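Here the protein sequences line up with chains A and B, keeping their order. Residue numbers for the first sequence follow full-length UniProt numbering, so the first one is 1 and each next one is one higher. Residue numbers for the second sequence follow full-length UniProt numbering, so the first one is 1 and each next one is one higher.
I should point out that these hints are in silico values taken from the structure, not numbers from a laboratory. Accuracy of the hints is not assured; some may be wrong.
Calculated pairs, DSBU-like style, for lysine-lysine (alpha carbon to alpha carbon, straight line, at most 30 Å) [as the list claims (entries may be wrong)]:
1) A:LYS323 <-> A:LYS194
2) A:LYS323 <-> B:LYS194
3) A:LYS399 <-> B:LYS401
4) B:LYS384 <-> A:LYS403
5) B:LYS380 <-> A:LYS380
6) A:LYS96 <-> B:LYS609
7) B:LYS271 <-> B:LYS52
8) B:LYS381 <-> B:LYS751
9) A:LYS206 <-> A:LYS304
10) B:LYS551 <-> A:LYS132
11) A:LYS375 <-> B:LYS269
12) A:LYS380 <-> B:LYS271
13) A:LYS389 <-> B:LYS269
14) A:LYS216 <-> B:LYS568
15) A:LYS399 <-> B:LYS117
16) B:LYS384 <-> A:LYS380
17) A:LYS96 <-> A:LYS202
18) B:LYS551 <-> B:LYS537
19) A:LYS132 <-> B:LYS401
20) B:LYS401 <-> B:LYS491
21) A:LYS389 <-> B:LYS384
22) A:LYS373 <-> B:LYS381
Quick caveat, the model's predicted, so the values are computed rather than measured.
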Amino acid sequence: MNRPSTRHRSIRAVIAILIALGCTFSTPGTAAAATYAQIEGTGSTWSDLIVQQWIADVNSNGMQVVYTGGGSSKGRKDFSLKSTDFAISEIPYQGKDEQGNADTSAGREYAYLPIVAGGTAFTYQLNIGNQKVRNLRLSGETLTKIFTNEITSWDDPAITKDNNGRSFPKLPITPVVRSDGSGTTAQFTTWMDKAHPGPWRKFFGKSGLTSYFPRKGRAVSQAGSDQVMNYIASSAGNGTIGYVEYAYPLDKDYPVVKVENAAGYFVEPTEYNTAVALTKAKINQDKSSPLYLTQILDGVYTNKDPRAYPISSYSYMIIPTGKTDTRMTTAKRQTIADFMFYSLCAGQSKAGPYGYSPLPLNLVQAGFQQLAKLKTADPKVEVTNRDVKSCNNPTFDGKNLNKNLLAEKAPQPEACDKTGAGPCGTETGQGGAKPADTPSQAPAAGGGGAQTPAAGGGATAAPGDAPTDAAVPGTDPAAGDPGVVTDDGSGTTTDTAVFASATELEASRPADNAPFGWLAVGLLVALVVLPGVYAASLRRRPGTTGARR
Amino acid sequence: MSALSAWWSERSKRPLAVAGVALVGAALLTWAPVGASAADEPVVVGRSAAAKPAYSQTKRLERVFVNAAGEREVQIQNDVTVTADQTRNLRGRQRINIAWKGAQPSGGRASSPYGEKGMAQEYPVVVLQCRGVDSASVAAAQRLTPETCWTATNLQRSQVAVSRGAAVWTKDLDASADYRQPFSGIDPNPASCKSAVVPDLWTRLTPFRPLKGTAFPACSSDTMPPEAAVGAAFPPAEVAAFTDTEGNGSIQFEVRSDVENESLGCSNKVKCAVVVIPIVGLSCAQEESPATPVDQACRRGGQHLPGSSNFAGQGVDAAVSPSYWWSPSNWKHRFTVPITFGLPPNTCDVLDSRPATGFYGSELLAQAGLQWAPAYCLDKKRFKFQHNQMSDEAGFNLMEKGGGAAAIVSSAHERKGDDPVGYAPTAVTGFGIGYVIDRPNNAGEYERLRLNPRLLAKLLTQSYLGSDLGRDHPGIKENPLGLMSDPEFTKLNPGLKLDSQETGATLLGLANASDVVEQLTAYIAADEAAMAFVNGKADPWGMKVNPAYRKVSLPRSSWPLLDEYIPKTGSTCRQQNPAVYFSQLAAPVPTMRRISESLLDAWPNVQTKCEYDAPTALYKVGRVDRQSYGARFMLGLVSLGDAARFGIRTAALQAKGGSYVAATDASLGAAVKLAEREKRYGAFEISQQDLRRSTRAYPGTMVVYTAARLRNAGQEDADKVAQFIRVSITEGQRPGSGNGQLPGGFLPITKRGVTAELYAAAQEVATAVEKQRPAPTPKPSGTPSSTPSTAAPAVDAADPPAAAPTGVAPSAAPSAVPTVSATTAPVATDPTASISSGTASRVMPTLLLIGLLGIALASLLRFVVQGPRRR
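Extracted from the complex, chain B is given alone in its bound form:
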């Protein structure tokens, strides 16, 4: 809440704004996440976790059998508590955290719990989104029933033509007589489902009732709503989630509005709910004597051990599977979590004929750009803003050439043109090392990953062997296969599985140049132990750097693939497709969005799959398969904005003295405090050296700038850029999910507090951009002062020879020195170039000249003026 309240106190001092602010504030307060079990929740920058869950309820769930004698036998009795962290004013595709305890431990974990793939499990917790109010007192049309619950396939809601022995729902203790019919669920049976009526086979349909129009019978994939599909590009949200052996579990459930799912139709006006059904097994009606096969099937208790996996997709006991969530004894165990959707944001008109003005550059701003854009097109006084994502460098070049009004970058870039460029701070965010790692024995996700620069250096330099294919790599044969077998990693992150996977050898990164890569490699470069490793010193456990990357220069803006080792194997496929194994492991991608998606799907981009493709009669290489739930291990470089948007966990990174810092409001703020600006209108630098002196600053912190020309930009563009800077630094910094507000993953920039300097700088640059007339000489503070000081020794060096003799010398020396330094000075001040060898090369000629002059003078004086020396 700190960010919010800071903003509040700051803004409410303006009387004029009070009214509007009050409204927005109220909206924000209601929006603000109320709830969540705190500790195991990923912390989101710019979003404070609330203390109390928004929904919490406990119920006693029982599985009851009625035996042949008509006696009730309670088989299972669980007191289950379900909580949800947020339930109000949600937006489409928002993820809410649903957690439970006291549930029956699950068994036979499926490789993916979503949609129809999650059906082959035992004792899972089914989570669905349904429309309506769960109360008998509302009109039937508004009531929540299994028929208003969404599933992506008909297999999840209907049982079509199964044998008598498998028709377990007919034995449900709580089922009405209707369920005991061979064909039930819909009456009359429509023509499209005639084929579902088969003699001697049993069918139960759970039609889907859309918000508008007639029900879909759901007897086949053709009789499902338009949004339903097997293997759709848009993944299903409903899930059969896993409970660990302690009875606990949690899931990030993605809710969908009427935009994503028109048939389900949830909106600010249509009430909906998330329904959570912990499966304890069907309760069974009185057993016949002797027991029939279906009696036995109803009473089965599972064939997979608690905590076990079922990646092979073996059969499960129907009575304890999620497939019958709609059967009355399961359905009555439901927890109904009512949710409300916020007003959908107003949207721009596609027919708006104003051409959009594109700002090109950094993906770090992507999530903010999405929320900001409508605040521009909807306001006639503003221009139509578009953020075009590309590499910082490409965006900067486009801006310099006039191809884009402004660039979105996150560091100072070398100018290629003559016009000065101003950097206006626009957002504080950064990168994260995103991960998805499962703990052993299906005990849930690992939540506290810690990484240090040396581990990152090991990953980036491809120093892990990956698998046996890397074993013969020259120079590093003794190295571990992956993080899991590296003692440094396991010491830092105890309690993980130790068996190696190829994905433990790689961090999915960017193929193209980016300021993010620059910052990440600067973090490594600032660490002594990491650099010692990169430069060839083995770590304390004897692991050595891949010789191909030994002494690779850091930091750098793009990461090269330098290894050349092609494994020798007996595999025909690999012989046919010889490839550099480590490059296949790394397989970087062009955008961070792709990395986030890979993490979300737990689908590594590792390209080591090599197999024979029968239809084309070719051996082919390609991407490995998705990882199975329970066995996931993947790391990737993500933006904090994406991490917040998609709920991706990010690792805590090592700071000073072995402290580990996660990305939070406080840690980003601590980093911003260290930011320094060398000159007016320039970019701030958060130096990794400074960061490493702090125990609280997050090393991945980055400031995103709007960079624009201060001269020759064209007034129309200049005005737009100035407007953008001003709007984004004020209303664009209000946290929230509405139009124009700041999404999660960003630290709000405020007029006061740690970001005050950024705020002031943005305002200043906005004015300068608007004026298109740079101030005469920037007030020297940083770089300019360094130039004179390096120049000074040059004069000193020239001094002795010039001063020693008398006569002609004085007239020659002074005249020579000023002219040289005069030509040097302007060149040295202006460019934002690197200070390293650039300065040297500029000062060198000067020194050389002065030195030579001095020598010449001295000799001249000695030999010519005073004549040759006597022997």
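Isolated chain A (complex conformation):
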């Protein structure tokens, strides 16, 4: 008994001394593993939402990062002017932009570093009666024709065909595009140029991508992803469709188009479908190419996996790698290295909840190769233990690098999402099914609108429950769902039933609340009063009273 306690005492003494020493000698920076200096950057709004969260996260590590967005084009330009320490962009330096202006780093040495993946989503507002359509599906061809003004009405046969015969109202389509120089626009036009060159090149007048969408006709332009989202979600937005990173509709609880992939399935840009698609992303390894180390997405566009979302891509950070870069110091380089180490690894775990997709192994590895250049530029930069093995990235296991955990977990699309089948009644823009939920996906979605008190109180949970609820408010007979869905009578009945419950019950409720409430009050009063009145009337009949007994 005695020995341990003395040992404890001596341990305590040692600890006390150590703490005292620590207090005396520890100096900021030397106590921590690294000394950091603030870094600043501008660029992409596509990745802004998650980058801001990472910046908040690394604050606890003593790293100060300032990022102010402004669009990819601005990001590349500011970097070339040496106003910033890094840029974030969806596309590499183009050499010359489409207007012939220089789009280069102006001699500043740099490297591209993939930071986060995501799907370019197509969000829309399309109302039938009071209901929002939430399960629209479109082929790439149709999408391209919509944004190149070839398909101009929601009742176009091509759209009906994509939706397996389900037709939509005769309503003009209003594409909403970006007015500022945008990486999202560049991603989208790259895909159109590669996958559907016919309509795109005819519309654009040339081949290739552009950061500035050539708005024509009915299309409207908005500055920034958030303003595109605002426009579509506003009251005046019926009939609009626009392209934004998936995070925006997810935050806004807005539907997105299921896009047809090479395997013939209509899929949503969930973190899973994006991760699966990007397993086919290649990186340009040609050192002589100006696009060295940038993404080659041709394989992504044509990925045959039934889960793959075709318009998947990732954002780059452009980092300065020059030995004599006048804006760089050891502390700044260290901050870039560690900020990115966090982002590529642990930071990827929150990509899903924020509407992005974690980078798979091949891209994380490419990222670490680029970070190593910071050490080449400045040997004092510490990069030991910052590698894929110590990486808390959710797509792979540091011990078994060959597995893409996320792609393995990714749920297969529903049968009703196949070309020529369906359409599924499930809602989009909800972050997609969690892997475990896959079998129960459809019923779960059917219950999405079931927060209504009627459904809760009914408690019988029959399949007919939802449609009954729909009938209660009774304000929008025009939205008679069966008629909408089974236009040619070929719609699958089960799917129809699920869709009929759809979603917008909740949204259409507020307007119904008042009349429904009054109805309830009326009924209540009637319930209290009528039986009595009835009973009384029975008794009060002439003769009855006296005749009784």
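We have chain A already, so just place chain B on it with the hints.
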């Protein structure tokens, strides 16, 4: 100090904690803001303003000309007093208030006073951060000189290749012979600055000496330190601030530590100072005879009137501009305010392999989350905490599905899963209507904005017209263009400019769902006058609600864009980009942080700029330009945490009987006093109806909760959540700027006082979360009791028919009633759902059934048992 002392008395009773507390307390006391001119200072929740400024000094500043005859002529003589509110233990990016009086009134105000943009002004007050001690007695290396003062561009510190007539520094009365050389400031001239030597042109460099390494010559942007940049993403802090016509002025100056600015290198070990130089104009050496152009230039007195603006960026008289702050006669007018930086907080190791546990939700906690996180990762006994900001609802859903260990929310949310959820109070804070408004004639910022629910309703319902573009909007053609032309606003806030700006028509708000929007709209909904306006009644001045928002249901958690009016104009750009004008004015953003940044930059998010873009040959719409200093007017919805962090002013909101309440410790406390909890483990509700009965409670007060499942959460997560709740409710409530402490903008929750109930509730929920086994039946107090009472009349209603007859009836009726109510009861108690039509819909079937039964019974008895009635 009240919060602090309350905490102190509470904690010091624990003998064990005394030692540690003493240390922390001492740190806090030294930290506590000592100073500040009180009244015009924005009040920060959780931070008491001190009575005396930390720095105050008065100096006599003179501008002297020596005439051709060699006589001294004093042109200007000012007794200037400079004060600073805090100077000790500062942190990087902290803002300190620098104020002055008795200075020369400024003229030609620039649209932005920061960095090189502030150079085109006359008689401003230059405020810079410099390294070193301002004393001749210290070693040269430690001495504060113009060469250790930071500027973001070389243009602010060097004059390169200017004409003889513009080289005014050469005539400075106090300048040494060195200054009179055509090329001076650096010797020998390095190769990188050879191009600055031009025959017949004059150059004066003020190199920058970094903490380590060799000096940067500062003759071009390439010879400046790494942190310097033109148009940087990180805005410059040094400022040429404006003095009003009375000689007064003030500025929130952002100090920077070695983390933000390594070259400047200020830290707890490196002494620094804020240097304040009121410009009274260069003093000029003996005039030549006849006077040369440079003699005349040195003697100029300014071309802009005091109080005027110079948004066009016209030229200014060099002799009274801020560009020559380093010239000896300006430099000797400096007030040196020594500042010290606190020990930088310890930081987490980026190589720490423990995975972080994410709590998802409300942005209201953002500033606290930033300060709390290191207190977790640095302690091996704790888990690695991360606060992931997203909408309350999304965070709550993630928590329910197991995607996040806990949610950070600020109201009760409807459960979608089966597991009960506990709400542990974690912070008391709220929202504010942030504003930046300049008074007319460059008389400084407006500091006492007052708003009532109807004005907020007018802004939110887009009932102001904005500009002529909104004039033809159906139904509201006679409405004012913006707040400035609304008599209700101008009566409440006198002394503002009356000319309309588009930004007077909008309150920058959130695009996505948030509990903050819910609380804001509840505030409007609880006000009769505001609701009458929303429901279509014109205000006393005849302003009507935008028909698109008429009778919009309130409160609501997200604010929709409902207007559809597209103006008809002759503008080609607008014809090419038809858009809903009012939606462009509103242009809500996804996060409150963005709103705070917009306010800080005075850059409204109004998207009405429409112009031809030559390079792309397209007509484009986009965000309007930054507002100019002196003409700023912008409102936005901010969190009190952000407001405190960035020094954003927030409006006083109307409370009972025309009183206006600003966010303070007392007003948040008064609101918390009104908070009620319906059931155990549930969220407190601060009802707006109750708030409106108080004259002292701040209507924007909100409690932030850590919400977690009480069942099926997984023990590991549950333990972490319980730990977080306990730590954040105790050490997380100590006000301070250190790791784990509570930042400004939050009212500390304490064991005693108004927040006692919150404290107790948090402890209780922590235990319940840890146990993962909810108490059998929550003690009924609020909701449960309401259910039986609504059910009761149902039984009564069924009574008469059942009771009237005899015979078979008794056996049927009692059996029917219990079964129905039995199925109803559990459903009714559990969910936290709204009480409105939900209860009705549940009780209705019961009533209906009972009623029908009664009727059936009555008829049965009448017709079957007793036989048809005789006629």
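### Query
Which earlier hints turn out false for this structure, listed by number in ascending order?
1, 13, 15, 20, 22
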